[in-house]
Amino acid sequence: MKISPFWIITVLILIGGYLFAEWAENQFLFFAGYVVLQSLIMAVAWNILGGFTGYVNFGSAGFFAVGAYTAIALHQFLEAPLIVLIIIAGVVCGLIGLGTGYLTLRLRGVYFAIATLAMAIVFESLITNWEYVGGSTGAYVITPTEVAFFDSYIEMLFVLMLFLALVSVAVSRYLSISRIGQGLAAIRDDETAAECMGVPTLRLKLISTTVMGAMMGVCGAPFPFFVTYINPLSAFDLLIAVNSIAMPMIGGTAVWFGPVIGALLLGTIQQIITVTVSSELNILIVGVVLVLFVALAPRGIVGLVQDVMKKRRGK
Amino acid sequence: MANSLTIRNVEAGYGSVRVLYGVSMDVNDGETVVLLGSNGNGKSTLIKCITGIVQPSGGEILLSVDGQQVNLIGKSPEEIVDLGIALVPEGRRLFPALSVEENLMLGAYRKAARARIEENLEFVYTAFPRLRERAGQLAGSMSGGEQQMVAVARALMSEPRVLLVDEPSVGLAPILVSRMIAKIKELKDERNLTVLMAEQNFNQAIKIADRGYIIVHGHIEFEGESADALRNNEMIREYYLGA
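For the protein sequence lines, the chains are S and Y, in the order given.
Numbering follows the working numbering, with no gaps: position 103 of the first sequence is 103.
Numbering follows the working numbering, with no gaps: position 123 of the second sequence is 123.
One thing to keep in mind: the hints can contain errors.
Result set (SDA-like, lysine to any residue): computed pairs, CA atoms no more than 25 Å apart in a straight line [said to hold, decoys possible]:
(1) Y:75 x S:102
(2) S:310 x Y:96
(3) Y:111 x S:206
(4) Y:75 x S:190
(5) S:311 x Y:133
(6) Y:75 x S:191
(7) Y:111 x S:310
(8) Y:111 x S:200
Every beta carbon over 10 Å from chain S, so not counted as near; a handful from chain Y, in silico [stated by the list, open to error]:
(9) 17
(10) 29
(11) 40
(12) 119
(13) 146
(14) 179
(15) 206
(16) 207
(17) 217
(18) 231
Derived by calculation from the structure, the hints in this document are not laboratory data.
Using N, Cα and C, we set each Cβ at its ideal position, and we do this for glycine too.
Using the sequences provided together with the hints, build the complete structure.
In C-alpha cells, the structure reads:
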C-alpha cells in the first residue's frame, strides 16, 4: 500500500507538536499556539462552504459559540471528559449546520450571507438568556491542575488542538480532492449547470454545511477550558467571524491548503502584534491586510504564487 | 434496446405565466427530432421539463430505456441524468473557472458512467482533438466554438441514451454551427443516440433531422413526418424562410 506524503507529514507534525510541548518551557507559546490553531480550524471549516462551494457564511462565530456552550452545558450536567464534550459539540453543531442548510440554501449570494448572520444573532440571544450556562454574566470552568502525559493542562489543550487541526485539514483535503470536491466546485461555478449535469447539488450543499458546522463546533468545545471563563460576548466575538473569512481569503479559497497558509500567517502576525503592540490593534491589522489582498491579490497567496509560476514558465 | 421519449399533454409555466399548453411529442429510438420555434415559444421550457429543472403542472413525460418505462415528472434532475438523459444546455453553461478536463469529469457524475471515465474521455478527445490539446485550459477562456465542443463532450461523458441539445447555434458563427450540427449527427450514429434538438435556426437543424415539430406560443402547431414535409410547410416558409 502506498502512503501519501500528506499522511506522513501529518503524523510527523503531531509527534513534533507533542515533543515541543514536552520540551518548551515558555507557557505563552502554548497559549499563542492554541489561538492560532483555533483560527486555523475555523478558517478551514469556513472554506469548505465559503471557498469550495461558494456560499459565504457570516455566522461562523455562532457555530463556534454553540460548540463552546454545548461543552459548558454538558460539563455542568454530566462532568463528562473533554473528548466526549468535543464529540457531542461536533454532532450538535453538525446538526445545526444541516438545519441551516435546509432552511437557507434556497437563498443565494448575499441573502445567504445575511441569513447566516441572523442565525448567529439568534443563538447569541438564546444563550444570553439561558441561566443554566451563566446567561449574560458568563460561566467559570475549573480545569484540573494535573493531566496524564503532560506537564500542564494548557500543554494538553495545545496538543489536542493540534490534533483537531490536523483532522480538519485532512477532512477538508479529502472533500476538495474527491468527487465531492468536483461537485462543490461545479456548484460554485454555475449551480444550475451543475444540476443539469446530474450533480446532486442539494445533497452536496448539505454535506458542506454539516461538515462546516461540525468542525466549528469541535473547534469551540475546548474554548471554555482554554479561557476558563466564558460569556456570550467572548464566545460570539466579531473577530472569530472576521478571521474565519479573512484567513481563507488571504491564503486562497480554491484549494484546501489556502486557509491553512492564511491562518498560520495572519494568526501568527496577530499574536506577535498582541504581544509587541496591543491587542486592540489586532482587528485593524486584519482589516488592512484583507483590503490589501482583495485589491491586489484576489485569489490570495496561493493565486499569487500560481501567477508568478505561470509567468516564469512563460519566459 | 429501444430508447424513446413520449411527451403527453405537458403543461408548464413560471408562476402565473403559462408557457406550455398541452404539448405532446414523440422521440423514437434512434431518431433525431428537431423542435423548431423562435424565441419565447417554449422550446427551452420543454427541455427544462424533460430534465427536471422545471416541474410541469400537468401531463406525462415517459422515458423508455432498456424496455423499462419511467415517468420523469416529479423526478429530480440528478435522477433523470441517472436514467440516461444528457443535456447540452442553451448557452453552453460550462464551468468557466474549471479546466476543460474538470468540466468533462463533471459530465461523468452519473453513477453508471463512473466506471468507464477513461474510455469515455478517450472517446470525446478523439471526437474533438482540440479538447485534448486544451485539456488544462480554463473553459471560460476558450472561444465560443470550443466551448460548444466542451458542452457536447461533457454531455457524452455521462454515456446518455437520449441526448437533448438546446439551441446549439446560439452565439456561434454560421460555419461553426454547420460543423457542430454535422458533428452531433456523427456522434449520434457512433453512439446510437436518440436526439432531441431544440433550435431556431431552421436551415441548420433540418440538415440532420429525421422529423420535426413546430412550437408556437406553447402549442405544437405542426408535426412534420420528414425533413421535406417541414421544408415545404407553409408555416415554416412564413416564419423562417420569409416567403
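| field | Violations among the numbered hints | value | Violated hint (a single one): 7; every other hint is consistent with the structure.
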